[in-house]
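So for the sequence shown, numbering that gives the first Met the number 0 puts the first residue at 0; every next one is plus one.
Do not take every clue at face value.
Label pairs and their calculated CB-CB ranges [claimed, not checked]:
#1 SER21 with GLN318: 54 to 60 Å
#2 ASN215 with GLN318: 21 to 27 Å
#3 ARG136 with LEU265: 17 to 23 Å
Below, in silico cross-link-like pairs of lysine-lysine (DSS-like), each with a Cα-Cα straight-line distance of 30 Å or less [to be verified]:
#4 LYS182 with LYS268
#5 LYS317 with LYS91
#6 LYS11 with LYS34
#7 LYS182 with LYS196
#8 LYS91 with LYS196
#9 LYS182 with LYS107
#10 LYS91 with LYS268
#11 LYS107 with LYS317
#12 LYS268 with LYS107
#13 LYS34 with LYS91
#14 LYS7 with LYS34
#15 LYS181 with LYS266
#16 LYS196 with LYS181
#17 LYS317 with LYS307
#18 LYS181 with LYS268
#19 LYS11 with LYS107
Don't read these hints as lab results, they were simulated from the structure. Quick reminder that beta carbons are idealized off the backbone N, C-alpha and C, glycines included.
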Amino acid sequence: MVKRVSLKDIAKEVGVSSALVSYVLNEKKTGRIDKIVAQTIRDTARRLNYRTNQIARSLKTNRTNTIGFIVADISNPFSSSLARIVEDEAAKNNYTVLFGSSDENALKFQNLVEIFLNRHVDGLMLAPGEHAEAQIRYLQQQEIPFVLIDRYFPDIQTNYVILDNFQAAHTAVSHLVNCGYKKIGMIGYQSSIYTLKERTRGYLSALESLTGVMGNALLREVQIDDVEANINEVIDELLAVDEPVDAILFASNEIALHGLIYLNELKIKVPEQLAIITFDGLASWDLFYAPLTYIRQPLQEMGELATKILLENIENTKQLQQFNLPGSLIVRAST
């Protein structure tokens, strides 16, 4: 293995002190240093392939300049797009992001938190699943900087950035009603996650207030960790009645994707026989013969804002910051 170049090696090459080399490479007190000498030090460091010893720097600063980000499923386009935004925003502030997927598993979520803490990340960004309350309270007790994104617990006072899920679902149903649809079903998740339940609440509230229909009879749910297990069954339940639904609100892009596959098998015509509206835009929606109407989440704003809050928290800013951001209705052929 090639010997790691040290500050002493650079200092010896240039003929200056190690302290001066450190000041230049760490951009400290550079105004007091001769510009030619400073540039010579930088050029020499580059020529010798000098790499900062991050472990040594962390011991001095008590910082690793890393963030741990745990999402439900990094393969989901929503999560991966959000992760990219957070990564880019963190990089602007000289932070690196470590990623992990909990797969909606409470034990895996807990293990990932422990792994990141053992890696001495400076803070955590979390999209917690069910039964993660104890872990969140533990982070508060340990005064570890963190921010919740996409999901939160209303009974725990934390920093968070989420979509206004109630209003988003309400907007989706209002659009369908305005388009003349009468029997509007919804397929959501069997989950206690508050933000997902808010989507259901928004659907039920809009349906009752705008049509007078109690929506529970038209509401179906699928398993959050295995949508394929019963998506066909719940669609059949909504369609195989004397008066089938004429529109369906899918509570997520994953539900919509599996739902469209089955509707294609049934040769259901969209929107002539059934209107479709969902959450989140996917590139694959453009491949469907009737591109889907959807609620667009403000991913860029969510990612940037959550990163900003976390970095401020790392810098000992203790102000509680909570944001419910509005979604946007994107109307396309499926409605």
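Against the structure, the hints come out as follows:
1. SER21 with GLN318: 54 to 60 Å: The hint (54 to 60 Å, Cβ to Cβ) is violated, given that SER21 and GLN318 are roughly 34 Å apart.
2. ASN215 with GLN318: 21 to 27 Å: Check failed, 40 Å falls outside 21 to 27 Å.
3. ARG136 with LEU265: 17 to 23 Å: 46 Å, violated
4. LYS182 with LYS268: OK: LYS182 and LYS268 at ~16 Å, within 30 Å.
5. LYS317 with LYS91: Holds, because 22 Å separates the two Cα atoms, which is no more than 30 Å.
6. LYS11 with LYS34: The given pair, whose Cα atoms are some 19 Å apart, holds under the 30 Å limit.
7. LYS182 with LYS196: 21 Å, holds
8. LYS91 with LYS196: 35 Å, violated
9. LYS182 with LYS107: 40 Å, violated
10. LYS91 with LYS268: Violated - the C-alpha atoms of LYS268 and LYS91 are around 47 Å apart, more than 30 Å.
11. LYS107 with LYS317: 28 Å, holds
12. LYS268 with LYS107: Violated: LYS268 and LYS107 sit about 41 Å apart, past 30 Å.
13. LYS34 with LYS91: 26 Å, holds
14. LYS7 with LYS34: 20 Å, holds
15. LYS181 with LYS266: The hint holds at about 21 Å.
16. LYS196 with LYS181: With a Cα-Cα distance of about 23 Å, the restraint between LYS196 and LYS181 holds, given a limit of 30 Å.
17. LYS317 with LYS307: Given that 30 Å is the threshold and the Cα spacing comes to 13 Å, the pair holds.
18. LYS181 with LYS268: Given that 30 Å is the threshold and the Cα spacing comes to 17 Å, the pair holds.
19. LYS11 with LYS107: At roughly 49 Å apart (the allowed maximum being 30 Å), LYS107 and LYS11 break the hint.
In terms of the numbered hints stated before, the structure departs from hints 1, 2, 3, 8, 9, 10, 12, 19, listed from lowest to highest.
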